[in-house]
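> Here are the chains, one letter per residue:
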Amino acid sequence: MSAPLQIYEPFKAGLPPLRRYWRSLWSRRTFIAEFSRSELREQHFDSLFGQLWLILNPLLLSGVYYLLIIIIGGTSDSTRYVHLTSALFLFYLIANSLTGGVKSITAGQRLILNTAFPRIMLPLSAVVIAVFKFLPTLVVFLLIRVIVGLPFTWQMLWAIPVLGIAILLALGLAITISCVNVYFRDISSFLPYLTRTTLYLSPILYEASALKPNIRALEVFNPLFPILDSWSRAVVHGQTPPTGSLLQALAWAIGIFIIGTYFFLSREREFAVRL
Amino acid sequence: MRGLGLTYTTSIDRRPTLKARVKSLGRGGKQTRVVRALDNVDLDVEYGQVLGVIGSNGAGKSTLMRVIAGILPPSQGRVEVYGSVSTLLALGVGFNPNMSGRDNVFLGGLAAGMSREEIEKNFAEIAAFSELGDAIEAPMRTYSSGMFARLAFSVAATVRPDILIVDEALSTGDAKFKEKSLNRIKELRSDDRALILVSHAMATLRDVCNDVAWIHKGKVIQRGEPNLVIDAYQEFLQVGKSAAIDEDV
Chain A
1 MSAPLQIYEP FKAGLPPLRR YWRSLWSRRT FIAEFSRSEL REQHFDSLFG QLWLILNPLL
61 LSGVYYLLII IIGGTSDSTR YVHLTSALFL FYLIANSLTG GVKSITAGQR LILNTAFPRI
121 MLPLSAVVIA VFKFLPTLVV FLLIRVIVGL PFTWQMLWAI PVLGIAILLA LGLAITISCV
181 NVYFRDISSF LPYLTRTTLY LSPILYEASA LKPNIRALEV FNPLFPILDS WSRAVVHGQT
241 PPTGSLLQAL AWAIGIFIIG TYFFLSRERE FAVRL
Chain B
1001 MRGLGLTYTT SIDRRPTLKA RVKSLGRGGK QTRVVRALDN VDLDVEYGQV LGVIGSNGAG
1061 KSTLMRVIAG ILPPSQGRVE VYGSVSTLLA LGVGFNPNMS GRDNVFLGGL AAGMSREEIE
1121 KNFAEIAAFS ELGDAIEAPM RTYSSGMFAR LAFSVAATVR PDILIVDEAL STGDAKFKEK
1181 SLNRIKELRS DDRALILVSH AMATLRDVCN DVAWIHKGKV IQRGEPNLVI DAYQEFLQVG
1241 KSAAIDEDV
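Chains as they are written, first to last, in the working numbering: chain A, 1 to 275; chain B, 1001 to 1249.
The set of hints was computed from the structure by calculation and includes no laboratory data.
Not one of these hints is a red herring.
Using C-beta positions, here's what the derived DEER-type ranges look like:
no.: 1; chain 1: B; residue 1: Ala1138; chain 2: A; residue 2: Phe49; range: 19 to 25 Å
no.: 2; chain 1: B; residue 1: Asp1192; chain 2: A; residue 2: Pro17; range: 26 to 32 Å
no.: 3; chain 1: B; residue 1: Glu1125; chain 2: A; residue 2: Tyr262; range: 39 to 45 Å
no.: 4; chain 1: B; residue 1: Arg1078; chain 2: A; residue 2: Gly244; range: 47 to 53 Å
no.: 5; chain 1: B; residue 1: Arg1184; chain 2: A; residue 2: Val64; range: 57 to 63 Å
no.: 6; chain 1: B; residue 1: Asp1174; chain 2: A; residue 2: Tyr183; range: 38 to 44 Å
no.: 7; chain 1: A; residue 1: Ile160; chain 2: B; residue 2: Asn1057; range: 53 to 59 Å
no.: 8; chain 1: A; residue 1: Tyr206; chain 2: B; residue 2: Arg1078; range: 58 to 64 Å
no.: 9; chain 1: A; residue 1: Trp22; chain 2: B; residue 2: Ala1232; range: 44 to 50 Å
To give an idea of the interface, some chain A residues facing chain B are shown, with a C-beta separation under 8 Å as derived from the structure:
no.: 10; residue: Ser27
no.: 11; residue: Leu111
no.: 12; residue: Ala116
no.: 13; residue: Phe117
no.: 14; residue: Arg269
no.: 15; residue: Ala272
Covered stretches of chain B (in silico footprint by chain A; criterion: 3 or more residues with CB under 8 Å from a CB of chain A, positions within the stretch not fixed):
no.: 16; region: 1062-1073
no.: 17; region: 1101-1113
All values reported here derive from a predicted model rather than from experimental measurement.
Ideal Cβ positions, reconstructed from N, Cα and C, are used throughout, including at glycine.
Pulled out of the complex, with its shape left as it was, chain A reads as follows (with noise of 0.2 Å):
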């Protein structure tokens, strides 16, 4: 009979074995899927008006702020309102991944206590779980882009690696808000209003061309800011997005997803005793 040896130890703030812990992590890959899946169900998304609602939901939060658009701002036209679902539906992406992972620690203490495993799945999952409910909302947008009738190039497919950067940028997020959530319970609490001002900071109910330098400059500390702008110019202009911005934002999402990574990992045993 074969017999893994496994040996614990204390630990000091650190890294555990990477290589190992990939290897258990990759082995659980099926948890990850069946864990989204279940998630999912529970939340009637196998339904059909639990689809619709999945859709219904940010096309009625463009139309809102659309006409708010239109009431501030005077006038409008039906680019402006691609543009606005396009960022939008980005936009919830990660948004939902920072719900979905704040508390995919705390809510997991009954397993985590009970069972030794890579503690990452958990906000791992929730990014899986958000970005099954971003695809429909892709699905949308086309539609929407189609009846409006802008033209299609090449140059959308810039969106392909825009949003591989939003999604690492939204596993890193979720990784870091997860773990600090376990040391401090409130942030679950602060996240919406965390989110509801990055939705007014970032190029979403105007386009980023729109905005003073002066104001531009400061968005430089804003992560969202070069992805959805990227993403505006790749889907809704069709043009290829400015290196600059796609840099920056690659870099943004590296580092939080490091600097978050490598918190979580060197915490991560440790959370059994603070649940």
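Chain A is fixed; fit chain B onto it per the hints.
What follows is chain B alone, placed relative to chain A:
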């Protein structure tokens, strides 16, 4: 078979619990309480042994089990585990009360590192053993504590790990199920498996175990022949707190 089987050498486990945690970010000043849950515990369990763990509430039994299972990291010492541990302890399944018993069994199993096929293969047996019937498809928030325990035990006992830890899972079942699970535990006794039972049911432990460890305040007080240790423990319970044991060194 490995001659060594299974060796743990845990020593002093300091466990700072943040019972009163920092509620507001601005307030600062953490309130911490240091609990020495396990203090220099040395335990060897070999394959073929059935170890009963006894001790009063808060003695550190469950903490010890979690350290063995790799859930809590020891803060001192070293744990060596040869073989797969069934880590589905008393509350192993049911981490999401809104999901059905079936989903929870699958998720618990997958998290513990089993493959889908393995769980599917075992699921019919789990469901049958638990005798939950249709309730297995109902959300777990609708379960009674007895049903909960039934499912948890069924999972832990069906998986057939090298090392099975049962942490008071039998306490809430009815008499019939208790007997059934006891028989299952007896079935599971074999030379290539180690069983660790945490329980307050002394008669059961006398019956099932071939080794008993008595833990008090994070220390192993006595270890050995079940009847001897249990007699000593019961005597201790009646005598009350003896000074020698209660001293915090």
